[in-house]
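Asker: Work the whole structure out from these sequences, hints included.
Read off the chains here:
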Amino acid sequence: MAIKFPAQQELAPSNEISLSNVRHPQYGRYLEEYVPGQLFVHPRGFSFTQSNIDSFSRTYMQCNPLYLDLEYARAHGFSQLPASPQMVFNVVLSLGVQNDSEKVIANLGYYNAQFLAPVYPGDTVRAMTMVTDRKERGADKPGIVTIRTLGVNQRCEVVLQYERKLMVAYRGDRLPTTPLSSVALPAFPWQTEASVKLPDGLATALRHVPTSVTGWNTYAEDFKAGDIIVHNNGRTISDEHFALTYQVGNTHPLHYDRIYSSAQSGPMSGNPIVYGGLVYAWLEGLASRDLSENALWEIGFTEGYHTQPAFAGDTVFALSRILAVSDAPGELKDLASVVTVQFIGVKNITSAKALEQYGADLFIKENDKKDLGKEKIKEKIFEIERQLLIKKRG
Amino acid sequence: MAIKFPAQQELAPSNEISLSNVRHPQYGRYLEEYVPGQLFVHPRGFSFTQSNIDSFSRTYMQCNPLYLDLEYARAHGFSQLPASPQMVFNVVLSLGVQNDSEKVIANLGYYNAQFLAPVYPGDTVRAMTMVTDRKERGADKPGIVTIRTLGVNQRCEVVLQYERKLMVAYRGDRLPTTPLSSVALPAFPWQTEASVKLPDGLATALRHVPTSVTGWNTYAEDFKAGDIIVHNNGRTISDEHFALTYQVGNTHPLHYDRIYSSAQSGPMSGNPIVYGGLVYAWLEGLASRDLSENALWEIGFTEGYHTQPAFAGDTVFALSRILAVSDAPGELKDLASVVTVQFIGVKNITSAKALEQYGADLFIKENDKKDLGKEKIKEKIFEIERQLLIKKRG
Amino acid sequence: MAIKFPAQQELAPSNEISLSNVRHPQYGRYLEEYVPGQLFVHPRGFSFTQSNIDSFSRTYMQCNPLYLDLEYARAHGFSQLPASPQMVFNVVLSLGVQNDSEKVIANLGYYNAQFLAPVYPGDTVRAMTMVTDRKERGADKPGIVTIRTLGVNQRCEVVLQYERKLMVAYRGDRLPTTPLSSVALPAFPWQTEASVKLPDGLATALRHVPTSVTGWNTYAEDFKAGDIIVHNNGRTISDEHFALTYQVGNTHPLHYDRIYSSAQSGPMSGNPIVYGGLVYAWLEGLASRDLSENALWEIGFTEGYHTQPAFAGDTVFALSRILAVSDAPGELKDLASVVTVQFIGVKNITSAKALEQYGADLFIKENDKKDLGKEKIKEKIFEIERQLLIKKRG
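Chains as they are written, first to last, in the numbering used here: chain A, 50 to 443; chain B, 50 to 443; chain C, 50 to 443.
Derived from the structure by calculation, the hints contain no laboratory data.
From a predicted model like this one, the values you see are computed outputs, not experimental measurements.
There's no promise every hint is true.
Where chains are identical, the list cannot tell them apart; a pair therefore holds if satisfied intra-copy or between any two copies.
What the hints assert, rightly or not - In silico EDC-like cross-links for lysine to aspartate or glutamate, where the CA-CA straight-line distance does not exceed 20 Å:
{"#": "1", "residue 1": "K402", "residue 2": "E185"}
{"#": "2", "residue 1": "K53", "residue 2": "D376"}
{"#": "3", "residue 1": "K184", "residue 2": "E242"}
{"#": "4", "residue 1": "K419", "residue 2": "D376"}
{"#": "5", "residue 1": "K423", "residue 2": "E405"}
{"#": "6", "residue 1": "K53", "residue 2": "D182"}
{"#": "7", "residue 1": "K441", "residue 2": "E405"}
{"#": "8", "residue 1": "K418", "residue 2": "E185"}
{"#": "9", "residue 1": "K427", "residue 2": "E415"}
{"#": "10", "residue 1": "K419", "residue 2": "D222"}
{"#": "11", "residue 1": "K419", "residue 2": "D182"}
{"#": "12", "residue 1": "K273", "residue 2": "E82"}
{"#": "13", "residue 1": "K273", "residue 2": "E59"}
{"#": "14", "residue 1": "K382", "residue 2": "E352"}
{"#": "15", "residue 1": "K246", "residue 2": "E424"}
{"#": "16", "residue 1": "K402", "residue 2": "E428"}
{"#": "17", "residue 1": "K53", "residue 2": "D189"}
{"#": "18", "residue 1": "K425", "residue 2": "E415"}
{"#": "19", "residue 1": "K273", "residue 2": "E65"}
{"#": "20", "residue 1": "K423", "residue 2": "D410"}
{"#": "21", "residue 1": "K190", "residue 2": "E59"}
Answerer: Dropping the structure here:
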């Protein structure tokens, strides 16, 4: 289709300038704008490509060859290099920011995340969110909103589901934000008994793939409940995180607009804060060589808390504590184990030094410390429980 | 073809070092090296890939799903995820830098840019430039050179044409620069009545694509002449811009070589200056959620001026003023509008505060201010008039 | 294959925390852990994609269209855009870091690198290393280990081979590192008379590709022994290098963990050091417009030394001295030449000023200076001898 547009003429100087029709579009929602039962279908599906999949894995220091080595992925029955579940989580959460959290005061936690199917190059993932609860705590106090979010691919398969709790202020007399869509909305297929779709050839592949020369210390047999693994290397985060925020589709200005971040009050004020999903991604990567190099899948995670923000210049480190190891269900029983890991992040102190200095207290949830008469750990930035499906050495 | 090369032997220590054959290759041109009628075919075609297309959109904070969501692009008749016209502009201008502007003192403005066809992954774009005018202003004063540039794909279709004015110094006794090619040069198919090639299926698609749940405030009907839109979010630019300069193929050392930039005089001296095309790209992205999320095409722009440089550390913001809205020509008449927008960039002040502080003056061209007895606005960095083809809500 | 995993329950608070099973996984090797004859098959093959190939070329400022312009590459008989040999070198070296050098004190030099076959999008390269020599220099002195490394694609073709010398400390009572694999290891096909696989169509293509309008000063005829080329543009390196280290697969914390780098002693202490492969890549890019824009292949290099580290904030520059020019062997004899180049890097001084200040001494190897009664050049960061296959103008 060819369309002739007339040559463009300069218009501005002859157009009278009036300040009577100024608008300030707003996104996100304030407390009274969330209603339990509401469904948001988020804008801007995210197309996964070999490129952004590969780039994510390498940026966040992934060492599991499943996400780096096409031949390895294929040998395990994956049709292409899959996106790491960590990337899928980052993207799906980010797609929801405009509706879910662009005006919230704080992200209180992640719960019940489950990765339900691989995402491959060529897939486009969209996200939708249901408001499941709103707790008000009286005038002038922010309330607590609970949401459930789904990531859905172009074949309408759910690839990820998780819950978040958010601390949200009242709108009061501030500008209105994103209106609810008037478009008829789809169903919201949250699964309570989640079933994970893994490659058909996986079990057969595992019986035939020779023991790799890699990952000598990360087979299922290498982990038992009670083990603590000190991940030695840290990562100094730079201003790179401004750009990385939008790379995963996150629109929140706290992460890339220094004038916005400087205008915040309290511990969030100052330089842009690293988007928490990116912090988790780096921590996961830093641990991957010692923990998940032989993982076949990230089953999910729960009880995830960013206990301090991270900024450009910070160096982050990770520690893992094995909570449980059990045989995988179904036909993978003899081939893989489910390993549950308490996963901790600290900053500006090596994980070895943090363990030396704080000992067992590192593994006590920060929110429980007050009741236990304990001090919070000022270098601790993250805590979560992860479930990994890890290959047995056999 | 197998070739045996003899094993490499160390040569340097036994090779006498002479300083009699030293050369300093130079690129760009000085004033007397431009002659109206000259044609430069620029080196290094740029191959667009799904990867660099996707990465550009995300780096510069694009919110129009046409450039992010393959399913959405296909639903509108595009065969693949197209490169954003902004990227095409950045690349074509950059390809020309070596011949056109690597020695210029200042980029005075962009004019009559028209995007004539989509660029897709797999396309390779080359650029050529014709010198159309050279104004000398007397001894010791730089002159003004006007050029026209075309971006051309591997099927010899022009995808972009635009004009630039450049301020250029005399060469005098400096080293000679890039010689004119002795290769026979192609024609220069500049179109005065430009015809834009859009996907064949676009009109049909627009009649059948359901109203999206996205972009509630960015349909053609949401804009009328006189509207001012304050884009709230800013972007803090980091040193990332050194690398981004070459990512689009721009070879000018002012943007990545601190020793070069520090040796400049006047307001350009100091840290490397952000390449103007990147500044425009970030401003476009910052506005995209409020302005162009439902755009189908960037028709073109004119009267584009970088009124101040930007540096790493600066936070940039955008404002839009709607100048005109009219039905699209031809078969898109009922389906889309042509929206003409005066588009302004400021730095280190939010767009809301800039509007509060400077009011209507923000929209007066900086070059007109002296004649109007007005001060220039020190935070203003960019002004241009854009024409967008925007979907009607219908 | 669908697997039902039970919903994840929080476990940490009820799991007693014991510090009796803490481990600190270590990678790399100390002196007594290398044994001549040992073979390491390195973990984590690297899948080359159009995306990481394109991104590498642009990040490191490549100007040879062979690595940027798909149409150009095809016209020369390459089936796709090949990875630049520089990228292949960076990746293969990085893949070996975990076994070869993650605990070494210093990288003493690169020798006898030969690029034996193109690497294309879709190829996965793995690396293996053989220890060829270990020199001990007495108690409390680090020793010298010599290794040979191969990069091998998924069809078991060797794409690169090179040697390195490393300075390595004794382990003593430190923690053990990577054990030797117990898996049966493959052969190690090092070639003494290396044969390079170039595209079958190359010779025919060279006879028919018209002289390009690009690279007017970089045909084989433009170089003769004794020429010195001053590459004018520098590149200011930013914190970007933290991330770029892992982009090529390098796991060494010296390059991205400020707490680790600050804890080092001597000139390596302080901010993370730029991985040397990246420094070389930038230097190569900075020179490419003056030297290798018409190169058809990087044959190899030898005697490569990083004589000083580079840090974020440094601006690097390159100089070339032509050591020899001879006809290519075999059927390319009339079409291309082998150009041997002494290639020098300096920092925080332009190459022009460095030449003015140090003259011929710039081209004397730093290690030879003591014997010659000369001072080392404090701004010099790199020296190497490269062999390029460069097109004749004909």
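Asker: A separate judgement is required for each hint: does it hold in the structure or not?
Answerer: Hint-by-hint comparison with the structure:
{"no.": "1", "hint": "K402 / E185", "result": "neither (41 Å within a copy, 33 Å between copies)"}
{"no.": "2", "hint": "K53 / D376", "result": "between (66 Å within a copy, 13 Å between copies)"}
{"no.": "3", "hint": "K184 / E242", "result": "neither (27 Å within a copy, 61 Å between copies)"}
{"no.": "4", "hint": "K419 / D376", "result": "neither (36 Å within a copy, 64 Å between copies)"}
{"no.": "5", "hint": "K423 / E405", "result": "within (17 Å within a copy, 49 Å between copies)"}
{"no.": "6", "hint": "K53 / D182", "result": "neither (53 Å within a copy, 27 Å between copies)"}
{"no.": "7", "hint": "K441 / E405", "result": "neither (31 Å within a copy, 63 Å between copies)"}
{"no.": "8", "hint": "K418 / E185", "result": "neither (25 Å within a copy, 53 Å between copies)"}
{"no.": "9", "hint": "K427 / E415", "result": "within (10 Å within a copy, 47 Å between copies)"}
{"no.": "10", "hint": "K419 / D222", "result": "neither (36 Å within a copy, 41 Å between copies)"}
{"no.": "11", "hint": "K419 / D182", "result": "neither (26 Å within a copy, 59 Å between copies)"}
{"no.": "12", "hint": "K273 / E82", "result": "neither (47 Å within a copy, 28 Å between copies)"}
{"no.": "13", "hint": "K273 / E59", "result": "between (72 Å within a copy, 17 Å between copies)"}
{"no.": "14", "hint": "K382 / E352", "result": "neither (26 Å within a copy, 53 Å between copies)"}
{"no.": "15", "hint": "K246 / E424", "result": "neither (43 Å within a copy, 65 Å between copies)"}
{"no.": "16", "hint": "K402 / E428", "result": "within (11 Å within a copy, 37 Å between copies)"}
{"no.": "17", "hint": "K53 / D189", "result": "neither (57 Å within a copy, 44 Å between copies)"}
{"no.": "18", "hint": "K425 / E415", "result": "within (6 Å within a copy, 53 Å between copies)"}
{"no.": "19", "hint": "K273 / E65", "result": "between (74 Å within a copy, 13 Å between copies)"}
{"no.": "20", "hint": "K423 / D410", "result": "within (8 Å within a copy, 58 Å between copies)"}
{"no.": "21", "hint": "K190 / E59", "result": "neither (51 Å within a copy, 29 Å between copies)"}
Consistency note: the structure conflicts with the earlier hints numbered 1, 3, 4, 6, 7, 8, 10, 11, 12, 14, 15, 17 and 21.
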